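2 protein chains.
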Amino acid sequence: MGEFKRLDRTLAYQGKVLKVYSDHVKVNGQDSNWDFIHHNGGAAVIPVTEEGKIIMVRQYRNAVDRFTLEIPAGALNYAEEGGLTCVARELEEETGYRSENIEWLITINSWPPFTNEQVEIFVARDLIPSVQNFDEEESIELEEHTIEELVALIFRGEIKDSKTVAGLMAYAVKCEQE
Amino acid sequence: MGEFKRLDRTLAYQGKVLKVYSDHVKVNGQDSNWDFIHHNGGAAVIPVTEEGKIIMVRQYRNAVDRFTLEIPAGALNYAEEGGLTCVARELEEETGYRSENIEWLITINSWPPFTNEQVEIFVARDLIPSVQNFDEEESIELEEHTIEELVALIFRGEIKDSKTVAGLMAYAVKCEQE
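These protein sequences, in sequence, are chains D and F. Here the first sequence stands for residues 1 to 178, numbered as in the numbering used here. Here the second sequence stands for residues 1 to 178, numbered as in the numbering used here.
Repeated chains share a single entry, so a pair holds when one copy, or any two copies, can fit it.
Pairs of lysine-lysine residues, derived as DSSO-like cross-links and limited to a Cα-Cα distance of at most 27 Å, are as follows: (1) Lys174 / Lys53; (2) Lys19 / Lys5; (3) Lys16 / Lys26; (4) Lys16 / Lys5; (5) Lys5 / Lys26.
Please keep in mind that the hints were generated in silico from the structure rather than gathered at the bench. These numbers were taken from a predicted model, which means no experiment stands behind them.
Only chain D is shown next, with the shape it has when bound in the complex (with noise of 0.2 Å):
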């Protein structure tokens, strides 16, 4: 292995939600400047209905500039707060269904080479109809696709949400190995 240093971190952009540092660096000899973004992390589950069907989020992600179908997923309020917790939270906010039965599924890290976020996936069963309740800046609408349908949708390039992508195939392939 080559040799690596981080000499420095610098914050360089605050953003609404995110923090932009410049680390300064010495990696193979050679001094550098490398990105690094940092967030909490957060939280996403798979809403598994009694008909088997997974509960879905259609939203408007102005990064990518279309409409994405997505896990249901919110960011940790406060960086101690735990996976579980948040996506609790997140899982009656965005489909209006509680559960008690909520297992982990994987963990992610979404983008290694620039930031820190983590993303902890779980899978939610036997739910408990409750009442939705969206964040101000936030619009989304639900659907309910079987598994069969969602990994077909991955292979046809339409589902490309890296959390989404990645639990929903675990979830294929754990209940395949099951």
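With the hints as your guide, set chain F onto chain D.
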């Protein structure tokens, strides 16, 4: 659906690789400023050896502050390069193998809440020995694993890179389907 309109996009910070913008948006009647990170995009590859093993890359990732095990990948040299050209180059540079049998598997958006980065993920077979050639600031080691080993590492939370988890799980599902 609620109302969304982007009124303006202003460069807020030019990093080493990333361009960070502040987007002035109108969402559900409210004015807001959202973070947007521009990235040209990238490509990644699952290189499958004659024995059916997958060649993986272990490297230090500054943003997550640890060593990660990832599928080989790289950024497009310019926005219009195309994923196949990029991935053919990255395959050779990182693993020391070429391939004339590279097939598209899935495409992901790494982090749709914040960046337009898209990564096309391919499967490369019939590997032909060539020569490794790292970028100046790269330092990687290669490992070969079966897909079963890699799936187990994901379910143990030891592989978390989103493109790697999405790509390997999609590959596992596709192998099952064939």
